[in-house]
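Just so you know, the protein sequences line up as chains A and B, in that order.
Letter by letter, the first sequence follows residues 1 to 373 in the numbering used here.
Letter by letter, the second sequence follows residues 374 to 764 in the numbering used here.
Hints in this document: simulated from the structure, not taken from any laboratory.
Careful: at least some of the hints might be erroneous.
To be verified - With a cut-off of at most 30 Å between alpha-carbon atoms, the simulated DSS-like pairs for lysine-lysine come out as follows:
id, chain 1, residue 1, chain 2, residue 2
1, A, LYS168, B, LYS667
2, A, LYS2, A, LYS371
3, B, LYS598, B, LYS686
4, A, LYS168, B, LYS526
5, B, LYS598, B, LYS474
6, B, LYS608, B, LYS598
7, B, LYS526, B, LYS667
8, B, LYS734, A, LYS184
9, B, LYS598, A, LYS168
10, A, LYS168, B, LYS542
11, B, LYS709, B, LYS598
12, A, LYS148, A, LYS61
13, A, LYS168, B, LYS474
14, B, LYS686, A, LYS168
15, B, LYS598, A, LYS371
16, B, LYS654, B, LYS526
Since the model is a prediction, treat every value here as computed from it, not as a measurement.
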Amino acid sequence: MKYSYNLRQLLPLATVFFLSPALRLVPSGTAELAGRAAWVSVPLALPMLLLYMYFISRFLKRRQDGEGLAELTLRSLGGFWGRLVLAALGFWFMIYGGFMLRSGAVRIITTIYPNSSAALFIISMGILGLFAALGAERTLVRSAKIIKPAVLAVLVLVLSFALVTVRKDNLLPLTVFECEGCIKGSLAALGVGCVSVYMCFFLNGYELEGERLFLRLSLWAVSVLALLFWLNTDIIGAFGHELTTRLSQPFFALVRNLVFFRSLERVEALVVSLWIFSDFILISLCLHAAQHAFRLVLGRQAEYKGEKLFDFSHGRWVIWLCGTGAVLVGCLFAREPESLELWSRQIIPGVNLLVALLLLPAVYIIGRVLKRI
Amino acid sequence: MRKCILYITVFSLILSGCGSIYSNYREVEQLLVIETMGFDYLPGGVQLTLASGISSAGIKGPIRLSGVGPTISAAMDQARNYSFEDELFCSQTNSVLIGEKAAREGMEAYLSYICQSPILRTDVPVFIIRGGSAFDSIMGSGDSQHGVSEILKGVTEYLETRGGSHIFKAAQISRDSLRHGSALCCALEYSESAEPPTESSQPDQIEGETSSARTLAVAGFGILKDNRLVDYIDKDAAVGVSFLINNVGISSIQLEDSMGRSIVLEISGGGSQVKPRWSEKGELTGLDIALEAKATVMEMNDDADLSRESYTKQLTQALELRLAQLVGDVLRQSAKLEADFLALGSQVEQHSPLLFRHMNKSFSEALPALDFHIAVKASLSHTNDMKESLT
Chain A
1 MKYSYNLRQL LPLATVFFLS PALRLVPSGT AELAGRAAWV SVPLALPMLL LYMYFISRFL
61 KRRQDGEGLA ELTLRSLGGF WGRLVLAALG FWFMIYGGFM LRSGAVRIIT TIYPNSSAAL
121 FIISMGILGL FAALGAERTL VRSAKIIKPA VLAVLVLVLS FALVTVRKDN LLPLTVFECE
181 GCIKGSLAAL GVGCVSVYMC FFLNGYELEG ERLFLRLSLW AVSVLALLFW LNTDIIGAFG
241 HELTTRLSQP FFALVRNLVF FRSLERVEAL VVSLWIFSDF ILISLCLHAA QHAFRLVLGR
301 QAEYKGEKLF DFSHGRWVIW LCGTGAVLVG CLFAREPESL ELWSRQIIPG VNLLVALLLL
361 PAVYIIGRVL KRI
Chain B
374 MRKCILYITV FSLILSGCGS IYSNYREVEQ LLVIETMGFD YLPGGVQLTL ASGISSAGIK
434 GPIRLSGVGP TISAAMDQAR NYSFEDELFC SQTNSVLIGE KAAREGMEAY LSYICQSPIL
494 RTDVPVFIIR GGSAFDSIMG SGDSQHGVSE ILKGVTEYLE TRGGSHIFKA AQISRDSLRH
554 GSALCCALEY SESAEPPTES SQPDQIEGET SSARTLAVAG FGILKDNRLV DYIDKDAAVG
614 VSFLINNVGI SSIQLEDSMG RSIVLEISGG GSQVKPRWSE KGELTGLDIA LEAKATVMEM
674 NDDADLSRES YTKQLTQALE LRLAQLVGDV LRQSAKLEAD FLALGSQVEQ HSPLLFRHMN
734 KSFSEALPAL DFHIAVKASL SHTNDMKESL T
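One chain only, chain A, in its complex shape:
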């Protein structure tokens, strides 16, 4: 198979994917579980995340030409169970994409457009994600490569200026009693890191030959966790864990307070707008992965071969169904704040962790035991 991109080009996709759920989940989630020690939760996730990178690299070493995690799952579990698991994963990715449509729309409404309806944002972003899913994987990968420096530059600038607002008494002292909370809080960072990586490897157009996969993934894990640690420290240090748990968007509240060189202020609308790109990448990748899984279940090749937009051959009608499904999920699910909170804090992270830490390892073990991979 002719590969269209390599690991070095794929990892920015994982980074951009990582940013949106990281901002949503990690500061409030870790503050609620670990209190003042929330900023220590993120580094605690590193050993487990490195272990997961090792598992993923071992799993991917079993791939054959043109395979991704979806094909490996099908091969490991065989015909019926493989299709069943892939169908379940396809549904989950579609629901996850739909939830992110809702979450992103709510973020824009609460920070910039307080009088707007979520539906138009959901439908607009859903259509963009659908167009991306109808196209080639490499387009998505290259989009992420372009978006990543812009988003990271803004994030680093904001976090640098926010350092002056950090107070020591919001971060210290730390005692051994905070350990349990820290470990629980680290699951948020772990979950986001794991899902970012495995979602990327559900694509199959990447070249891995000659790559030191575990080393590259480990370096990626260290760098994203370092960034997340900085973000968490700034937010907890500025607001304190008590106030952080009560703010609906603590990162954007932090941006709202920043003044650059005593002249420029109130740039949160620009920063929120920039996060639309991260949402777009996440939703597009979810739709790509969902349609890929469903098309494999139907026995079709999921590779893009230059088909036109309304070409429904080779099971491409599935892509339209996934897009429609995601938009419907976004419009109908989690419409109340309490429901959104439940999905955001418990259901989505919980299921993602189950997939990452139970389902995929189980698939690998079964495949190895049955000598199918």
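Got chain A sorted already, so can you dock chain B onto it with the hints?
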């Protein structure tokens, strides 16, 4: 075809949220930029008062408006509805005033609104109007040349640079209330101005009648317990607070020397360290507070002679005694109210985290029984006045 659909979609994304903007799109000149916001308690609701700056309102003077409603948002809607303005732009709000009655009823709703609102910054300074209402303060302060927003800018700068005080912002008050159950908030009083009223500020004045302009002046701190105002710390005693929270600004302090002569010192720096005292059973018995202060002589009378070491030493001791009194008064007030508005609990926890965690009651509850030992070390660095008087 595909590009056409893509462009339509991108534009719909750009325009999709703009139902709230393009339907009520305004030029910058059409916006009334609100710089001061005030909240007052009404039975069953809230009175919201808003004021623009002079620059936004133009030559007519600051624009002030008010609305009433069962909630803050309803009051805001009423103010907007019944005003002459096209659009109220509240994202530049630099100060929030809360009337005394509203503060005594509870500030939680106002602080929550500020922290959750997408239009207000969480680090906006909050002031309590001592003995008055935010409505009167905003409507009556200043004149055609100086609105309440300009007055508050001056107050904020004064507090930031000198005045021995500290500005407490909405996020900090909320955090302290959540963490310690108690917090401090700057207090202002609505009083007569030191400046005579100008003709332009009195357009309706009847000939022969005199009236004075009113302003907002620093009036110490308000003590909040469970988000309700319970007491005040006077301006003169605010120096004690600044030492205990380690935020000592430039402030003046008047002393008497051994001959009863007045001397004015300017405190230029300092801080405090708090060390807890624990019993053998692990109970907190007291606090040792070590203060350090640097001061200069601002003003002295005829016979004072700073070249004499004994005189300087005597002055230093008088300063130490005075600071110990001020700090002691604040600590006793904290103990009496069982309110840890100085965040001493945090300092104790920093020093002895394990013992603090095992305390059988909260720090606020333990305050009344604590024994405070205050040690002050002051130094006079130089004098801004002459070494000897002219006579």
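Comparing the hints with the structure gives:
1. For the proposed pair LYS168 (chain A) and LYS667 (chain B), the alpha carbon gap of about 25 Å is at most 30 Å, so the pair holds.
2. In summary, the hint linking LYS2 (chain A) to LYS371 (chain A) is supported, as the alpha carbons are separated by about 27 Å, within the 30 Å threshold.
3. Proximity of LYS598 (chain B) to LYS686 (chain B) is assessed by CA-CA distance (about 41 Å); at most 30 Å being required, the pair is judged violated.
4. With a C-alpha separation of about 28 Å, the suggested pair LYS168 (chain A) and LYS526 (chain B) falls inside the 30 Å cut-off, and the hint holds.
5. Straight-line distance between C-alpha atoms of LYS598 (chain B) and LYS474 (chain B) comes to about 15 Å, which keeps the hinted pair within the 30 Å bound.
6. At most 30 Å may separate the alpha-carbon atoms for a hinted pair to count; LYS608 (chain B) and LYS598 (chain B) meet this at roughly 19 Å.
7. A C-alpha spacing of about 28 Å is found between LYS526 (chain B) and LYS667 (chain B), which places the hinted pair at or below 30 Å, so the restraint holds.
8. Between LYS734 (chain B) and LYS184 (chain A) the alpha-carbon distance is near 27 Å, which keeps this suggested pair within the 30 Å criterion.
9. Taking the CA atoms of LYS598 (chain B) and LYS168 (chain A), the gap is about 24 Å. The hint holds against a cut of 30 Å.
10. With a CA separation close to 17 Å, the supplied pair LYS168 (chain A) and LYS542 (chain B) stays within the 30 Å bound.
11. Proposed proximity of LYS709 (chain B) and LYS598 (chain B) is supported: the alpha carbons are some 12 Å apart, at most 30 Å.
12. In summary, the hint linking LYS148 (chain A) to LYS61 (chain A) is supported, as the alpha carbons are separated by about 27 Å, within the 30 Å threshold.
13. Taken as a hint, the LYS168 (chain A) and LYS474 (chain B) pair is broken in the structure, with Cα atoms around 34 Å apart against an allowance of 30 Å.
14. About 36 Å separates the Cα atoms of LYS686 (chain B) and LYS168 (chain A), which puts this hinted pair outside 30 Å; it is violated.
15. Distance hint between LYS598 (chain B) and LYS371 (chain A) is unfulfilled; the C-alpha atoms sit about 68 Å from each other, more than 30 Å.
16. A distance of roughly 51 Å separates the Cα atoms of LYS654 (chain B) and LYS526 (chain B); the hinted pair therefore is violated under the 30 Å criterion.
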